[in-house]
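Participant: Use the sequences and the hints to build the structure in full.
Okay, here's what each chain looks like letter by letter:
Protein chains: 4
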Amino acid sequence: MNKKGFASDNNSGVHPEIMIALTEANKGHTVAYGDDAYTREARKAIQHHLGERADPYFVFLGTGANVLGIGALSSSFHSVICAETAHIQEDECGAPEKFNGIKLLPVETDDGKIRVEGIEPHVKGIGFEHHSQPRIISITQATELGTVYKPEEIKEIAEYAHQNGIYVHMDGARIANAAASLNVSLREITTDAGVDILSFGGTKNGLMYGEAVVFLNAQAPDEFKFIRKQGMQLASKMRFISAQFLRYLSSDLWYQTAQHANEMARLLAEEAEKVPGIEVTQKVEANGVFARVPRDIIPRLQEEFFFYIWDEPQSVVRWMTSFDTTEQEIYDFVGLIRRLVDKG
Amino acid sequence: MNKKGFASDNNSGVHPEIMIALTEANKGHTVAYGDDAYTREARKAIQHHLGERADPYFVFLGTGANVLGIGALSSSFHSVICAETAHIQEDECGAPEKFNGIKLLPVETDDGKIRVEGIEPHVKGIGFEHHSQPRIISITQATELGTVYKPEEIKEIAEYAHQNGIYVHMDGARIANAAASLNVSLREITTDAGVDILSFGGTKNGLMYGEAVVFLNAQAPDEFKFIRKQGMQLASKMRFISAQFLRYLSSDLWYQTAQHANEMARLLAEEAEKVPGIEVTQKVEANGVFARVPRDIIPRLQEEFFFYIWDEPQSVVRWMTSFDTTEQEIYDFVGLIRRLVDKG
Amino acid sequence: MNKKGFASDNNSGVHPEIMIALTEANKGHTVAYGDDAYTREARKAIQHHLGERADPYFVFLGTGANVLGIGALSSSFHSVICAETAHIQEDECGAPEKFNGIKLLPVETDDGKIRVEGIEPHVKGIGFEHHSQPRIISITQATELGTVYKPEEIKEIAEYAHQNGIYVHMDGARIANAAASLNVSLREITTDAGVDILSFGGTKNGLMYGEAVVFLNAQAPDEFKFIRKQGMQLASKMRFISAQFLRYLSSDLWYQTAQHANEMARLLAEEAEKVPGIEVTQKVEANGVFARVPRDIIPRLQEEFFFYIWDEPQSVVRWMTSFDTTEQEIYDFVGLIRRLVDKG
Amino acid sequence: MNKKGFASDNNSGVHPEIMIALTEANKGHTVAYGDDAYTREARKAIQHHLGERADPYFVFLGTGANVLGIGALSSSFHSVICAETAHIQEDECGAPEKFNGIKLLPVETDDGKIRVEGIEPHVKGIGFEHHSQPRIISITQATELGTVYKPEEIKEIAEYAHQNGIYVHMDGARIANAAASLNVSLREITTDAGVDILSFGGTKNGLMYGEAVVFLNAQAPDEFKFIRKQGMQLASKMRFISAQFLRYLSSDLWYQTAQHANEMARLLAEEAEKVPGIEVTQKVEANGVFARVPRDIIPRLQEEFFFYIWDEPQSVVRWMTSFDTTEQEIYDFVGLIRRLVDKG
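Residue numbers (my numbering), protein chains in the order written: chain A, 1 to 344; chain B, 1001 to 1344; chain C, 2001 to 2344; chain D, 3001 to 3344.
A few of these clues could be false.
Computed list of lysine-lysine pairs in DSBU-like fashion (alpha-carbon distance at most 30 Å, straight line) [stated by the list, open to error]: (1) B/K1044 x A/K4; (2) A/K283 x D/K3225; (3) A/K225 x C/K2124; (4) A/K225 x B/K1004; (5) C/K2225 x A/K124; (6) D/K3155 x D/K3283; (7) A/K225 x C/K2225; (8) B/K1044 x B/K1283; (9) C/K2274 x C/K2225; (10) C/K2004 x B/K1124; (11) C/K2027 x D/K3225; (12) C/K2004 x D/K3225.
These aren't lab readings, by the way, just hints derived from the structure by calculation.
Facilitator: What follows is the structure, given as structure tokens:
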């Protein structure tokens, strides 16, 4: 039990500092449902990073953040344009459609990123009542393929979106990894780049649970609190989500953890590529490594280390690192790969 | 900040033993999304209390448990019969209707409990396609009015329900308080009484977050895992919910905490009733006290202690106790009531 | 086959003049989906009756009109207050909840009408995110119990509603019967009485199919056309709905047919009450008669004439008349009742 | 007004024989909501064409048929694979997602048809709770691009589908045109080819309104009647839909009208291609012609004849013929094209 591996940054536990913050917040009574001091302070911490107008609402999980954030800015007759690899398209079991009644329009992508030329063909039928109306472009930062949008790439999408009366949503489940990778502030790749609404993730980077829907260049509808409640995302003991975010953002904890995970991914990619027959298939810009691996060694590797096959026909696997991955684990893992390849 | 009061059992924090369990579960990596040892053990702990066939699924919150549990046993053309005071009717902002597409049929109640004679008029139009088909009777244990169903009262409802092809759902947000109040096992008021599906709560009794949908006399549909995921209730780091339940149920922690809260409510009611002009309006069977209080003292009381007005026109307030309420707090509170009434 | 009876005004066919209108509209090609001359003219005809600001949208059926009209003015976290006997509550199989995600709040009623004192207890929890927000009061004119709201009764509800930021929806499946009964214009019981949105019915009064959602004192959202399309209520060959409404409203056809049906209901009630043991239980103000009838004669009556039992335990039946009911049919029917009672 | 053109087969009116059937059905009273003789006979007529096990349910419109048919065989966590050009994807304003909560997975297509190789990549993640589960493949016959699936092409898809536990849905808005084009029975391209559920259209081929959801190789769930009612597709005066289908199918009316429309499309394509600069871009197998046309003549052509631009950047237009298109109209239209091209 509790064997480490490279399956998911969700398999890691809680960062020790976050656990301390949880323990410290466990004092006495506090108003439930968010009207408490931890939540007020956590809001300010988010505004410090994302700008004064940033308007955050805490929820339980990333899928909740994506679904409610999209729902806040859309009606059921709208469509959302996203990468075919997006979490909202591939990994939320249809939650965005179910809860919001909307249509998702997937855009083909090789690297997890979408660009204006892939988006454009979906922006049509405006005003035509038979056609779902394009309303939101959703991008993931860092992407599900471990790549990262540069600020100017986001700006280009946002400019196109806003010219067409479309909002930009960012699934920031790994936004800390993206900022660390680019060595920029969180604000430079969100508010300043034209993002209207952000799913601000922390669970993949050392939090226990809890994410935030943050309105940036778009304003939260007055009724968003009802949407969150009806969306089953209003935590009664909200202080325990807020206290995590407060600690996460009050120092450079968010940055250090993300940078470390990124570093480990880069190391893993470098070392793995030295093994003959291993090919890294995506740029390693965040904390994920995608690699083509000889098919026959995969089951034996998985006996020792958790990880998932990404593309069965292509024999491509996904290895995720996290805030607590150690260099030793990387070397042990690559050592095993090498031995298995040699034997093969 | 963190002033104690009688507003809600959600305003209390996390029981120290639960906090220890969380800290202890924070070791190394573990498979995300529930395929971990903590979750397996927590399942067994629940089966120990509710019977071998009990089939639990952890979710984030009580509203989630209610909505998904109901959804698991119904289609959108079904109706759910419940007390007009039920949490699903009054306090979930329409989540059961929104997510499941169903109709709720509220039954009038004086004490938060419903009985067959109140349910019966809603069981009609069977097979008539114009009419939502009655499918579930939902009862709350302990009720929103601090009263408790006796095992035989539940059995009577369950018998009626099953004779009519209807399931029994129990919102057990305060089920520990009910069991402690009746001095019975959890099983006697659920599985053995004919309950088909239970929202098993813990947050109001010292957990940080997390509840469980537990299938008892009804079987979980194979697809329930998809319903939970699409319902935005699948926790990535599920071990931290499971570890709480495991600790909660492995000793008599659940019972002690609930009994203490109940005890404090009884004390509060007894003491408060000694003050002239204070009238307790509901039987105090769990951890809530409903009392008619002179209208003018309410704001001054609220300056010192949090609590909510329940029925403005009737000047009835609600006082909730929790696992960490102390006798001293009760005496301080009632002392203040007395001084305010005397002054009045 | 095609035996006449008193089961429903839906069992009648199409008024001959409407059939002629359909035939006459069947000339050549016309733009589909409503951008045609028939639809423009039908809009004007509705504005002639309901006021210049009236903004009608044709749909297929009454349930569609109710659901989309309510949906146009509400979000999923809203509630709709209506009579417990309302069609939206009892006879639409949960369509308002399913499509709109809203909550219905039924108000007890003896005569199918609701009043401010029954509505008021549901207008609570405003701004409280746990509680579905009251948004619409829906009344039925004429009611499902064959009674009719007077203009001043509607005004009183509308005034209360508007003071509380609530809209008034009218299910006007039998609005012609109500207007004929009161001998007032359609406008006096809708626009002028403060109704915000009307489901304007015709099918129960001689049309083949088609109803209209008409915005009166509330404005249609720009996006209503998308709501109608996504709501599966946009007719491709819309001219055939419009042509029916055009004929229905261009002369006093709507009034004559409704008045005749009302007249026949009054005659039926009068004659039936002459039979010992028959008791009419509701005021006969439109085209429905509710009567307590000796239990044993019901099956024998039904062998000859269609009709439905309304309240089994009370032995109350419902008899509906329609535009084509004849005096002879009434006398034949009552004759049979008398013979069965005499034999009994 | 009522100018003919080539915009849509929905712009045509009602076939005279259908109008007669409507008039003849307008006799006396008949039970509402489908328990009438017309509906029984129409069911038999459909079974005559589609096989004894065919189980039809009448609805108002094609979007309703598609949405409810798909909904009958799926849960909200399912996905539906279809052509990117499918009506359910492009032209129903998100109704399938809104009503059913499902995900649509569009497959690229050049000719409106999909094949196993395009479907296959979407059949993945089976049993994985994060991923919408593939449940239905939906094909359109004739396609939105005027092409037609051969029986063996349908069989190939159905075989693949059934091997993977997937149903086959056919949007048969123009199924008569497909059968006439292939010179096969309706059964050969539906029941016998493995189609599980059919949206059986008639409105585009001379009916006034009304379509049918027909269960073929899949069984209707017992509750389908509730789904239809809650889906706002249950007609009160259903006999008028049934009477149309009865007439449509009792002789070869359906075939003659479709064949004529197809014929006219072929003639239009042939004649138009004789004009220099006009290029027909899709095989003309049913009643639609897609053609690349000099951009500058389009607005002038549209002044005289209705039609829609299909692909603005490619200057491709869509011309639809219908049961009442005449050769003279074709020659007039092509004559105008020629004059405009010559002038150009």
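Participant: Each of the hints needs a verdict: does it hold here or not?
Facilitator: Cross-check of the supplied hints:
Between B/K1044 and A/K4, the direct Cα distance comes to roughly 25 Å. Compliance with the 30 Å bound is thereby established for this hinted pair. For the given pair, A/K283 sits about 53 Å from D/K3225 by alpha-carbon distance, which is inconsistent with the 30 Å threshold. Between A/K225 and C/K2124 the CA atoms are separated by roughly 17 Å; this keeps the pair inside 30 Å, and the hint holds. Distance restraint check for A/K225 and B/K1004: the Cα-Cα separation of roughly 25 Å lies within the 30 Å cut-off, and the hinted pair is therefore satisfied.
Annotation: proposed proximity of C/K2225 to A/K124 holds, straight-line Cα distance about 17 Å (limit 30 Å). The hinted pair formed by D/K3155 and D/K3283 meets the criterion: a straight-line CA distance of about 21 Å does not exceed 30 Å. Our distance criterion of 30 Å between C-alpha atoms is met by A/K225 and C/K2225, whose separation comes to about 28 Å. Between B/K1044 and B/K1283 the alpha-carbon distance is near 35 Å, which puts this suggested pair outside the 30 Å criterion.
Of the pairs offered as hints, the one joining C/K2274 and C/K2225 is violated, with about 52 Å between alpha carbons and a cut-off of 30 Å exceeded. Between C/K2004 and B/K1124 the alpha-carbon distance is near 27 Å, which keeps this suggested pair within the 30 Å criterion. A hinted pair counts as satisfied when its Cα atoms are at most 30 Å apart, and C/K2027 with D/K3225 does not qualify at roughly 35 Å. Simply put, C/K2004 and D/K3225 have alpha-carbon atoms about 25 Å apart, close enough for the 30 Å limit, and the pair holds.
Of the hints listed earlier, those the structure fails to meet are numbers 2, 8, 9 and 11, in rising order.
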